[in-house]
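Novice: Protein chains in written order, with my numbering: chain A, 1 to 177; chain B, 1 to 177.
These are computed hints drawn from the structure, not numbers from a lab. Mixed in with the good hints, there may be bad ones.
For chains that are exact copies, the list does not tell them apart, and a pair is met inside one copy or across any two.
[Unchecked claim] Pairs of lysine-lysine residues, derived as BS3-like cross-links and limited to a Cα-Cα distance of at most 30 Å, are as follows:
1. Lys150 to Lys9
2. Lys162 to Lys97
3. Lys97 to Lys142
4. Lys173 to Lys97
5. Lys97 to Lys176
2 protein chains.
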Amino acid sequence: MMKDLPLSKVYQLLEPGPVVLLATTRRGRANIMTMSWHMMVEFEPPIIACVVSNANYSYASLRATKECVIAVPARKLASKVVQIGNCSGREVDKFQKLGLTPVSAQCVAPPLVAECFANLECRVIDTRLVRSFNIFILEVLKAWTDPAQKRPKTIHHHGYGKFAVDGEMIKLKSSKP
Amino acid sequence: MMKDLPLSKVYQLLEPGPVVLLATTRRGRANIMTMSWHMMVEFEPPIIACVVSNANYSYASLRATKECVIAVPARKLASKVVQIGNCSGREVDKFQKLGLTPVSAQCVAPPLVAECFANLECRVIDTRLVRSFNIFILEVLKAWTDPAQKRPKTIHHHGYGKFAVDGEMIKLKSSKP
Chain A
1 MMKDLPLSKV YQLLEPGPVV LLATTRRGRA NIMTMSWHMM VEFEPPIIAC
51 VVSNANYSYA SLRATKECVI AVPARKLASK VVQIGNCSGR EVDKFQKLGL
101 TPVSAQCVAP PLVAECFANL ECRVIDTRLV RSFNIFILEV LKAWTDPAQK
151 RPKTIHHHGY GKFAVDGEMI KLKSSKP
Chain B
1 MMKDLPLSKV YQLLEPGPVV LLATTRRGRA NIMTMSWHMM VEFEPPIIAC
51 VVSNANYSYA SLRATKECVI AVPARKLASK VVQIGNCSGR EVDKFQKLGL
101 TPVSAQCVAP PLVAECFANL ECRVIDTRLV RSFNIFILEV LKAWTDPAQK
151 RPKTIHHHGY GKFAVDGEMI KLKSSKP
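So here's chain A without its partners, still in its complex pose (with noise of 0.2 Å):
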């Protein structure tokens, strides 16, 4: 079950750079697609900018409804992660393919991801960059993270499959959010 998380709090998820999942939905029918190109704007409201490229089938899907979760997975994921990016929502039906549970959001069509440990609920505010640089800027609507899941280690893209995943945590002092 997953459990609301305070929208103040959604940047500390995304600011370090995981991949991420997007779950799009058109025709009542729901798509993920992998992504690492995303990056925090704004704290709160969350204010997301991500990539998603117009060679990709989930593109038509966010400029249509304007509606997206970003769902992020932890290490355990990582094998599926790996696969959704190596194939297309236009041939397969990714959740069935993958085993992933769609479970329905609060604020939009998209459904979360059960086994990801957060979910974010978004909507497309701001679409001046689509056309120059397939940049879309999200308004986190809703957020929510799965308490079973303690310390999730999050994993990093290099290229081609090679990942880094979290280790060490460090705490410096500092007052900067």
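Given chain A, put chain B in place with the hints provided.
Specialist: Just chain B now, kept in the frame of chain A:
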């Protein structure tokens, strides 16, 4: 000594989400800030988006000069990275304060940071989202890496000086860059 890095490999440095330093120069004076809000936008020529808040001293330099260097620090610089983020170029010369070495860049006025294992010389190519979101779009003109720093571990910010250091590297079969 820094060595050329092919522009086609730049995305592999930033896609994993390391904390970076951003160097700017204005009126002959170089400054650096700490930055975690950045993402890749295009492979080659490499295009990067980043958020530089209008509350940051670097904002005015970046807007005015449209040039910067993105420098990627390894784990051993973590303490300096935090200190850089907790003081302002308005009050101090950060290169001097932190004992960092500015090195002349080839294509832009701001300096490389000798202690960082990678340095990217960048030019601002789009400012349409600066007013609304403080988002700058950069093109990488020239990239350098330090061959003396082998397999550097980067750090990923989770807020208030907490970082995940790169841990285990895993390699999964994938055809995707």
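Novice: For every hint, state whether the structure bears it out.
Specialist: Hint-by-hint comparison with the structure:
1. Taking the shortest alpha-carbon separations for lysine 150 and lysine 9, only the intra-copy value of 16 Å comes in at or below 30 Å, while the best inter-copy value is 34 Å.
2. In the homo-oligomer, the alpha carbons of lysine 162 and lysine 97 lie at most 30 Å apart inside one protomer (22 Å), although the nearest pairing across protomers, at 37 Å, exceeds that limit.
3. In this homomeric assembly, lysine 97 and lysine 142 come within 30 Å of each other (Cα to Cα) only inside a single copy, at 27 Å, whereas the closest approach across copies is 42 Å.
4. In this assembly of identical chains, the alpha carbons of lysine 173 and lysine 97 lie at most 30 Å apart only when taken from different copies (17 Å versus 45 Å within one copy).
5. With identical chains, the CA atoms of lysine 97 and lysine 176 are at most 30 Å apart between copies only, with a shortest distance of 19 Å across copies and 42 Å within one.
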